[in-house]
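Construct all of the structure, not just a fragment, from the sequences and the given hints.
Chains as they are written, first to last, in the numbering used here: chain V, 1 to 326; chain E, 327 to 582.
Some hints here could point you the wrong way.
To be verified - Below, simulated DSSO-like cross-link-like pairs (lysine-lysine); rule was C-alpha separation at most 30 Å, straight line:
hint, chain 1, residue 1, chain 2, residue 2
1, E, Lys509, V, Lys217
2, E, Lys544, V, Lys141
3, E, Lys580, V, Lys226
4, E, Lys522, E, Lys433
5, E, Lys358, E, Lys529
6, E, Lys554, V, Lys322
7, E, Lys358, V, Lys141
8, E, Lys496, V, Lys191
9, V, Lys285, E, Lys554
10, V, Lys226, E, Lys554
11, E, Lys544, V, Lys37
12, E, Lys580, V, Lys141
13, E, Lys377, V, Lys191
14, V, Lys141, E, Lys558
15, E, Lys580, V, Lys323
16, E, Lys544, V, Lys130
17, E, Lys472, V, Lys217
18, V, Lys141, E, Lys509
19, V, Lys322, E, Lys558
20, V, Lys141, E, Lys357
21, E, Lys554, V, Lys141
22, E, Lys355, E, Lys580
23, V, Lys187, E, Lys496
24, V, Lys322, E, Lys580
25, E, Lys357, E, Lys544
26, V, Lys217, E, Lys554
27, V, Lys187, E, Lys472
28, V, Lys323, E, Lys558
29, E, Lys554, E, Lys433
30, E, Lys544, V, Lys285
31, E, Lys355, V, Lys141
32, V, Lys37, V, Lys130
33, V, Lys141, V, Lys323
34, E, Lys558, V, Lys226
35, V, Lys191, E, Lys509
Stated by the list, open to error - Computed footprint of chain E on chain V; a stretch qualifies when at least three of its residues, placed anywhere within it, have a C-beta under 8 Å from a C-beta of chain E:
hint, segment
36, 111-122
37, 138-145
38, 186-193
Quick caveat, the hints were computed from the structure, so don't treat them as lab data.
Nothing here was measured: the structure is a model prediction, and the numbers come from that model.
All C-beta atoms in this analysis are idealised placements derived from N, C-alpha and C, irrespective of residue type, glycine included.
Residue-level listing of the chains:
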Amino acid sequence: MSQDVFVFIEAQHDAIRPVANQVVGVARSIAEARGGKVVGLLIGAGLEGLSSDAASIGVDRLAVVDHAALATYSAESYTTAVVGALEQQGGGPLFFGNTSIGKDIGPRIAHRLGQGMVSDVVAIEQADDKPRFRRPIYAGKAFCTVEVQEAEYVVSIRANSFPAAEAAASPAEVVPVEVNLDPATFKVQVKEVIERDAGQVDLTEADVIVSGGMGVKGPEGFEMLKPLAEVLGAAVGASRAAVLADFIHPSHQVGQTGKTVSPNLYIACGISGAVQHQAGMSTSKCIVAINTDADAPIFEIADYGIVGDAAEVVPALTEQLKKLLA
Amino acid sequence: MRLIVLVKQTLTTEARIALNDSGGIEDAKIKKVVNPYDEFAVEEAVQLREKGVAEHVTVVTVGPESAVEASRHCLAMGADEAVRIDDSEIESTDSFSVAEVLGAALKGMEFDLLLAGQVAVDDNASQVAVRVAEILGLPQINVVSKIELGEGEVTASREADGQTEVLTAKLPALVTTDKGINKPRYPTLPNIMKAKKKPLTIKSLSDLGIAAPTPKVKVVAHTLRPAKQGAKIFAGTPAEAAAQLAEALRNEAKVI
Ligand SMILES: Cc1cc2nc3c(=O)[nH]c(=O)nc-3n(C[C@H](O)[C@H](O)[C@H](O)COP(=O)(O)OP(=O)(O)OC[C@H]3O[C@@H](n4cnc5c(N)ncnc54)[C@H](O)[C@@H]3O)c2cc1C
Ligand SMILES: Nc1ncnc2c1ncn2[C@@H]1O[C@H](COP(=O)(O)O)[C@@H](O)[C@H]1O
Numbered sequence: 001m002s003q004d005v006f007v008f009i010e011a012q013h014d015a016i017r018p019v020a021n022q023v024v025g026v027a028r029s030i031a032e033a034r035g036g037k038v039v040g041l042l043i044g045a046g047l048e049g050l051s052s053d054a055a056s057i058g059v060d061r062l063a064v065v066d067h068a069a070l071a072t073y074s075a076e077s078y079t080t081a082v083v084g085a086l087e088q089q090g091g092g093p094l095f096f097g098n099t100s101i102g103k104d105i106g107p108r109i110a111h112r113l114g115q116g117m118v119s120d121v122v123a124i125e126q127a128d129d130k131p132r133f134r135r136p137i138y139a140g141k142a143f144c145t146v147e148v149q150e151a152e153y154v155v156s157i158r159a160n161s162f163p164a165a166e167a168a169a170s171p172a173e174v175v176p177v178e179v180n181l182d183p184a185t186f187k188v189q190v191k192e193v194i195e196r197d198a199g200q201v202d203l204t205e206a207d208v209i210v211s212g213g214m215g216v217k218g219p220e221g222f223e224m225l226k227p228l229a230e231v232l233g234a235a236v237g238a239s240r241a242a243v244l245a246d247f248i249h250p251s252h253q254v255g256q257t258g259k260t261v262s263p264n265l266y267i268a269c270g271i272s273g274a275v276q277h278q279a280g281m282s283t284s285k286c287i288v289a290i291n292t293d294a295d296a297p298i299f300e301i302a303d304y305g306i307v308g309d310a311a312e313v314v315p316a317l318t319e320q321l322k323k324l325l326a
Numbered sequence: 327m328r329l330i331v332l333v334k335q336t337l338t339t340e341a342r343i344a345l346n347d348s349g350g351i352e353d354a355k356i357k358k359v360v361n362p363y364d365e366f367a368v369e370e371a372v373q374l375r376e377k378g379v380a381e382h383v384t385v386v387t388v389g390p391e392s393a394v395e396a397s398r399h400c401l402a403m404g405a406d407e408a409v410r411i412d413d414s415e416i417e418s419t420d421s422f423s424v425a426e427v428l429g430a431a432l433k434g435m436e437f438d439l440l441l442a443g444q445v446a447v448d449d450n451a452s453q454v455a456v457r458v459a460e461i462l463g464l465p466q467i468n469v470v471s472k473i474e475l476g477e478g479e480v481t482a483s484r485e486a487d488g489q490t491e492v493l494t495a496k497l498p499a500l501v502t503t504d505k506g507i508n509k510p511r512y513p514t515l516p517n518i519m520k521a522k523k524k525p526l527t528i529k530s531l532s533d534l535g536i537a538a539p540t541p542k543v544k545v546v547a548h549t550l551r552p553a554k555q556g557a558k559i560f561a562g563t564p565a566e567a568a569a570q571l572a573e574a575l576r577n578e579a580k581v582i
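Right under this line is the structure:
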């Protein structure tokens with residue numbers, strides 16, 4: 001085994017996802033403690049353009065598996081590709097973002113390699129020797145610190161919990177890796193992929209989120225949130241109740257069954273703050289609540305609050321921020 | 327067609343979490359329930375049996391004696407049979423160990439579709455079910471909101487970041503369920519009574535022919551979410567309150 005540390009570099013819509021830069025930053029601190037290098041793993045088909053982007057995000061070496069059978073993501077083919085590349089490059093700890101893909105293949109890869117995995121990490125408490133990681137449990141009401149017992153393991157990190165790595169001054173060496181993939185043996189077929197929201201900031205990666213719940217009263221309420229989101233350069237989130245009431249598309253849902261977000265600023269408008277909602281946003285750095293009910297649970301985890309009607313407060317806040325940020 | 331559902335007992339999500347004297351999570355007086363995501367999986371399995379697509383539903387749990395309540399709940403929802411594997415010999419219930427034990431148990435069982443929750447709300451790991459699929463060489467479709475069982479295959483829609491994927495997997499396969507796939511039923515009194523007569527087997531690790539797995543990760547400490555001071559509330563007219571908030575976001579929290 002080498003001293004090196006590996007990073008799965010996730011791309012979407014032909015661009016490296018911001019969470020990948022954060023994962024590289026985390027891998028860097030572990031690599032420094034081990035005295036090894038950071039090796040990026042880029043998986044997919046037709047990767048010429050992406051490879052040169054990925055070579056500059058702060059890795060020391062970039063291993064690329066470029067294969068026609070990897071054009072569409074599937075857990076089966078990506079697991080094989082990642083494990084193949086990792087082993088050919090000498091093996092070592094492997095870091096993911098705790099994204100849909102990270103959750104889908106991280107545990108599968110860990111088990112194929114006979115390794116432990118720490119999911120949804122928000123802090124590193126010790127990087128050398130037996131690394132220790134902190135992660136939320138019980139819907140974010142508590143945290144546990146876990147220690148990995150062996151030198152090789154898998155970790156997934158929560159987006160926006162760590163700073164991005166510094167970009168490299170010069171691009172890293174790119175190493176093509178061949179992995180045997182035979183689509184005829186695949187047990188899963190991708191029938192259809194329905195894209196949503198292409199071009200918008202992904203909720204999980206937004207710095208600022210303006211979110212609405214039942215208290216914004218309807219789809220018009222979400223129209224009212226848009227100007228506020230615009231002045232802040234924010235993405236729009238929603239509670240499950242608002243989604244179920246058809247105020248907004250399910251892809252905006254924040255919470256245990258929706259997206260897990262950890263922005264710098266989360267503004268909850270007309271959201272009660274049920275535990276399942278909190279599970280998706282309680283690690284946000286600054287939480288603002290706007291709610292008519294001073295006893296709403298959201299105020300227990302908020303840093304700032306206004307007790308009032310969202311229909312009045314949101315436009316007023318939009319105005320004030322326009323002035324301040326002009 | 328035979329279905330197996332992996333079911334974990336967890337603390338009710340409404341619970342206030344506190345630490346006990348030895349620094350662990352205090353769970354003595356807290357109500358225990360079937361992990362909500364596993365309840366969706368059980369409901370889905372029972373519906374498939376009611377539709378005649380499947381014949382038999384077995385729920386499998388790794389847990390302590392008290393987890394029998396979770397097994398009973400699933401039997402009362404309509405599962406035909408329950409197996410509880412006693413966890414008292416397992417040194418640490420890390421995802422690796424639990425998956426190894428479940429894998430060993432399932433190797434001796436016949437099934438076409440394995441169902442599980444997408445995550446356990448207590449440990450927030452999203453690992454065990456996928457690891458079991460890897461052990462058994464099953465294809466997987468994770469976090470699904472719709473399942474259709476066909477001849478020798480299952481088709482399911484999965485929510486991923488920014489997209490919905492529709493996948494078809496050859497059976498036997500693993501499918502993990504998300505909220506919204508169905509509405510889990512409340513067991514009725516007659517069904518609770520009937521459940522008492524259904525087979526409920528308890529197995530030890532030696533019954534499975536395995537030794538306790540060596541954990542790959544160990545919990546060294548629990549901490550509670552730091553209590554916030556309570557929100558700073560801005561009063562006045564909407565314009566006044568909004569002005570103070572904007573000011574605080576810029577100069578105090580420095581987030582804009
Ligand atoms: C297994 C499971 C998973 C779940 N997953 C999620 C999830 O991922 N995400 C999620 O959000 N929920 C989830 N839920 C649902 C969750 O329990 C709550 O039902 C939901 O979050 C409530 O949404 P809400 O706050 O918008 O609505 P409500 O609870 O109805 O709250 C509306 C709030 O708006 C306030 N209000 C009313 N009028 C105004 C006004 N004019 N101006 C300002 N405020 C006003 C009210 O005081 C209230 O606090 C899940 C539940 C379960 C059981
Ligand atoms: N002790 C257990 N017994 C049976 N099934 C489990 C157990 N732990 C986890 N699972 C299954 O694996 C899923 C994911 O759990 P986790 O990896 O703990 O988030 C759960 O929703 C269950 O379906």
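Structure-based check of all given hints:
no.	hint	verdict
1	Lys509/E / Lys217/V	holds (25 Å)
2	Lys544/E / Lys141/V	holds (20 Å)
3	Lys580/E / Lys226/V	holds (22 Å)
4	Lys522/E / Lys433/E	holds (27 Å)
5	Lys358/E / Lys529/E	holds (21 Å)
6	Lys554/E / Lys322/V	holds (29 Å)
7	Lys358/E / Lys141/V	holds (17 Å)
8	Lys496/E / Lys191/V	holds (13 Å)
9	Lys285/V / Lys554/E	holds (12 Å)
10	Lys226/V / Lys554/E	holds (29 Å)
11	Lys544/E / Lys37/V	holds (26 Å)
12	Lys580/E / Lys141/V	holds (25 Å)
13	Lys377/E / Lys191/V	holds (25 Å)
14	Lys141/V / Lys558/E	holds (21 Å)
15	Lys580/E / Lys323/V	holds (16 Å)
16	Lys544/E / Lys130/V	holds (11 Å)
17	Lys472/E / Lys217/V	holds (29 Å)
18	Lys141/V / Lys509/E	holds (26 Å)
19	Lys322/V / Lys558/E	holds (22 Å)
20	Lys141/V / Lys357/E	holds (16 Å)
21	Lys554/E / Lys141/V	holds (12 Å)
22	Lys355/E / Lys580/E	violated (42 Å)
23	Lys187/V / Lys496/E	holds (5 Å)
24	Lys322/V / Lys580/E	holds (16 Å)
25	Lys357/E / Lys544/E	holds (26 Å)
26	Lys217/V / Lys554/E	holds (29 Å)
27	Lys187/V / Lys472/E	holds (19 Å)
28	Lys323/V / Lys558/E	holds (22 Å)
29	Lys554/E / Lys433/E	violated (48 Å)
30	Lys544/E / Lys285/V	holds (28 Å)
31	Lys355/E / Lys141/V	holds (17 Å)
32	Lys37/V / Lys130/V	holds (18 Å)
33	Lys141/V / Lys323/V	violated (37 Å)
34	Lys558/E / Lys226/V	holds (25 Å)
35	Lys191/V / Lys509/E	holds (26 Å)
36	111-122	holds (count 8)
37	138-145	holds (count 8)
38	186-193	holds (count 7)
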